[in-house]
Amino acid sequence: MTLPVLLFASYADAFGARTVAVPVTMPCTVADVVLAMRSIPGGEKLPARPLVAVNHAYAKPDARVSAGDEVALIPPVAGG
Amino acid sequence: MTLPVLLFASYADAFGARTVAVPVTMPCTVADVVLAMRSIPGGEKLPARPLVAVNHAYAKPDARVSAGDEVALIPPVAGG
Amino acid sequence: MTGQPATLPLVAITHEPIDVAALIAAVSHARVGAISTFLGTVREVNDHRPVTGIDYEGYEPMAVREMQGIADELVEEWPGLRIAMIHRLGTLQVGDVSVAIACAHARRAPSADAMRRAIESLKARVPIWKREHYVDGEWTWVDPTNSAAPMASQS
Amino acid sequence: MTGQPATLPLVAITHEPIDVAALIAAVSHARVGAISTFLGTVREVNDHRPVTGIDYEGYEPMAVREMQGIADELVEEWPGLRIAMIHRLGTLQVGDVSVAIACAHARRAPSADAMRRAIESLKARVPIWKREHYVDGEWTWVDPTNSAAPMASQS
Numbered sequence: 645m646t647l648p649v650l651l652f653a654s655y656a657d658a659f660g661a662r663t664v665a666v667p668v669t670m671p672c673t674v675a676d677v678v679l680a681m682r683s684i685p686g687g688e689k690l691p692a693r694p695l696v697a698v699n700h701a702y703a704k705p706d707a708r709v710s711a712g713d714e715v716a717l718i719p720p721v722a723g724g
Numbered sequence: 645m646t647l648p649v650l651l652f653a654s655y656a657d658a659f660g661a662r663t664v665a666v667p668v669t670m671p672c673t674v675a676d677v678v679l680a681m682r683s684i685p686g687g688e689k690l691p692a693r694p695l696v697a698v699n700h701a702y703a704k705p706d707a708r709v710s711a712g713d714e715v716a717l718i719p720p721v722a723g724g
Numbered sequence: 002m003t004g005q006p007a008t009l010p011l012v013a014i015t016h017e018p019i020d021v022a023a024l025i026a027a028v029s030h031a032r033v034g035a036i037s038t039f040l041g042t043v044r045e046v047n048d049h050r051p052v053t054g055i056d057y058e059g060y061e062p063m064a065v066r067e068m069q070g071i072a073d074e075l076v077e078e079w080p081g082l083r084i085a086m087i088h089r090l091g092t093l094q095v096g097d098v099s100v101a102i103a104c105a106h107a108r109r110a111p112s113a114d115a116m117r118r119a120i121e122s123l124k125a126r127v128p129i130w131k132r133e134h135y136v137d138g139e140w141t142w143v144d145p146t147n148s149a150a151p152m153a154s155q156s
Numbered sequence: 002m003t004g005q006p007a008t009l010p011l012v013a014i015t016h017e018p019i020d021v022a023a024l025i026a027a028v029s030h031a032r033v034g035a036i037s038t039f040l041g042t043v044r045e046v047n048d049h050r051p052v053t054g055i056d057y058e059g060y061e062p063m064a065v066r067e068m069q070g071i072a073d074e075l076v077e078e079w080p081g082l083r084i085a086m087i088h089r090l091g092t093l094q095v096g097d098v099s100v101a102i103a104c105a106h107a108r109r110a111p112s113a114d115a116m117r118r119a120i121e122s123l124k125a126r127v128p129i130w131k132r133e134h135y136v137d138g139e140w141t142w143v144d145p146t147n148s149a150a151p152m153a154s155q156s
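One line per chain: the protein sequences are A, B, C and D, in this order. Here my numbering is used: the first residue of the first sequence is 645, the next is one more, and so on. Here my numbering is used: the first residue of the second sequence is 645, the next is one more, and so on. Here my numbering is used: the first residue of the third sequence is 2, the next is one more, and so on. Here my numbering is used: the first residue of the fourth sequence is 2, the next is one more, and so on.
Any given hint could be a false lead.
[What the hints assert, rightly or not] Within a straight-line C-alpha distance of at most 30 Å, the following computed BS3-like cross-link-like pairs (lysine-lysine) qualify:
#	chain 1	residue 1	chain 2	residue 2
1	B	K689	D	K124
2	D	K124	B	K704
3	C	K124	A	K704
4	C	K124	A	K689
5	A	K704	A	K689
6	B	K704	B	K689
Hint data in this document are derived by calculation from the structure and do not stem from the laboratory.
Full structure from sequences and hints, please.
Structure follows, in structure tokens:
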């Protein structure tokens with residue numbers, strides 16, 4: 645299946661999209677999602693360990709991702 | 645001569661006045677002024693080393709006081 | 002909001018100019034003796050480059066959740082703390098207020114310490130990004146982790 | 002004032018309510034990225050005694066001079082700092098703002114550090130006094146050097 649992953653700021657620019665459909669086998673981990681994204685055009689611009697959020701909270705690489713979760717890649721934040 | 649000394653807050657209450665005429669021999673020091681004030685009714689309520697300002701600046705006990713200087717006793721401050 | 006003037010902690014994302022007076026009013030209270038407020042404003046120069054404006058982008062539901070988390074942590078550390086924090090998104094001009102944080106407490110030390118902690122935490126973890134536009138027409142997504150060589154830059 | 006919106010540092014004693022927005026506007030500038038503001042407000046309870054109001058008294062010319070000295074010292078430590086500080090005198094009610102300090106700088110650390118230093122210095126040396134009135138009709142000149150046993154108290 646494909647998991648929609650939300651993109652923002654420089655990552656949205658890198659992929660040329662606000663959302664990218666990532667091919668993964670469920671259930672999987674955050675690290676699996678990032679790995680799959682590296683094969684998508686633009687994925688080569690990702691840093692070694694991009695931050696990922698699952699359901700609006702930062703998630704570690706070994707965190708489980710299930711169908712229906714809202715997954716987002718978080719570029720280095722610069723609020724304030 | 646007498647030197648007018650300005651009083652504020654609890655010190656004004658102690659002397660029952662906003663200004664007190666202090667008998668001193670000019671030139672004198674800040675310490676001389678404070679010593680003379682202890683003989684004035686209310687002076688017994690002063691602390692051991694009250695803060696004194698001369699011409700709007702804190703002055704040490706050995707600072708010189710001249711005729712025409714504006715001298716004030718400064719109770720413990722409590723602004724803010 | 003539940004009928005009171007403001008439910009605290011108050012955290013919000015807005016696309017409109019920030020009403021600083023309203024933020025201060027929200028944390029004011031008869032038991033408060035000190036209100037420390039932080040405002041972030043758009044500077045005309047950053048890293049020696051003249052800035053004409055900034056686009057702020059945010060992952061809004063997560064940004065609100067992180068701000069709420071920061072506020073809850075601060076209230077836990079300083080009981081009685083009254084805190085309001087709001088971040089503006091969209092295109093801002095030089096001088097515009099991008100973020101406002103107000104921390105009220107009975108005593109000044111917790112008020113000031115919480116304010117400082119709030120802005121540091123916000124900058125560290127709230128998912129908001131800014132693209133600076135320069136006089137020469139170039140723009141950059143600001144990357145605080147690599148300010149010497151911004152990750153993405155194009156004309 | 003010399004024709005500009007505000008001559009800085011701005012220090013003042015007032016007998017009217019403090020206009021916080023005007024104070025923030027005075028330190029705002031295109032080169033500013035952070036504005037830290039401190040407000041002192043009258044609390045309804047101090048040292049466990051219900052307070053009905055406070056009379057603030059000041060030695061005005063010396064208070065202004067001390068505030069100016071504090072501002073000058075802060076600007077010397079943090080060049081580019083834009084600072085405004087104002088203290089209100091007279092009879093204040095619970096919730097009223099007694100003192101307001103705004104410190105603006107290109108960066109947030111100097112802005113916040115200067116604000117904190119300004120209020121600590123003001124409380125330590127600016128010749129202002131406050132007499133608290135309590136619900137039972139008593140009043141006390143507050144003495145921060147001896148808070149357990151106020152120097153002067155009478156009914």
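Query raised in the report: Does B:K704 pair with B:K689 here, judged by a C-alpha cut-off of 30 Å?
Result: Given that 30 Å is the threshold and the Cα spacing comes to 20 Å, the pair holds.
Requested in this report: Quickly compare the C-alpha distance for B:K689 and D:K124 to 30 Å and report which way the hint goes.
Outcome: 24 Å, holds
Query - A:K704 paired with A:K689 [C-alpha distance capped at 30 Å] - result: 20 Å, holds
Query raised in the report: Keeping to a limit of 30 Å between CA atoms, is the pair of D:K124 and B:K704 held or broken?
Result: Answer holds: D:K124 to B:K704 is near 20 Å, not above 30 Å.
Query raised in the report: Are the Cα atoms of C:K124 and A:K689 separated by 30 Å or less?
Result: 23 Å, holds
**Report entry** Distance restraint between C:K124 and A:K704, which requires alpha-carbon spacing of 30 Å or less
**Finding:** 20 Å, holds
Checked against the numbered hints given earlier, the structure satisfies every one of them.
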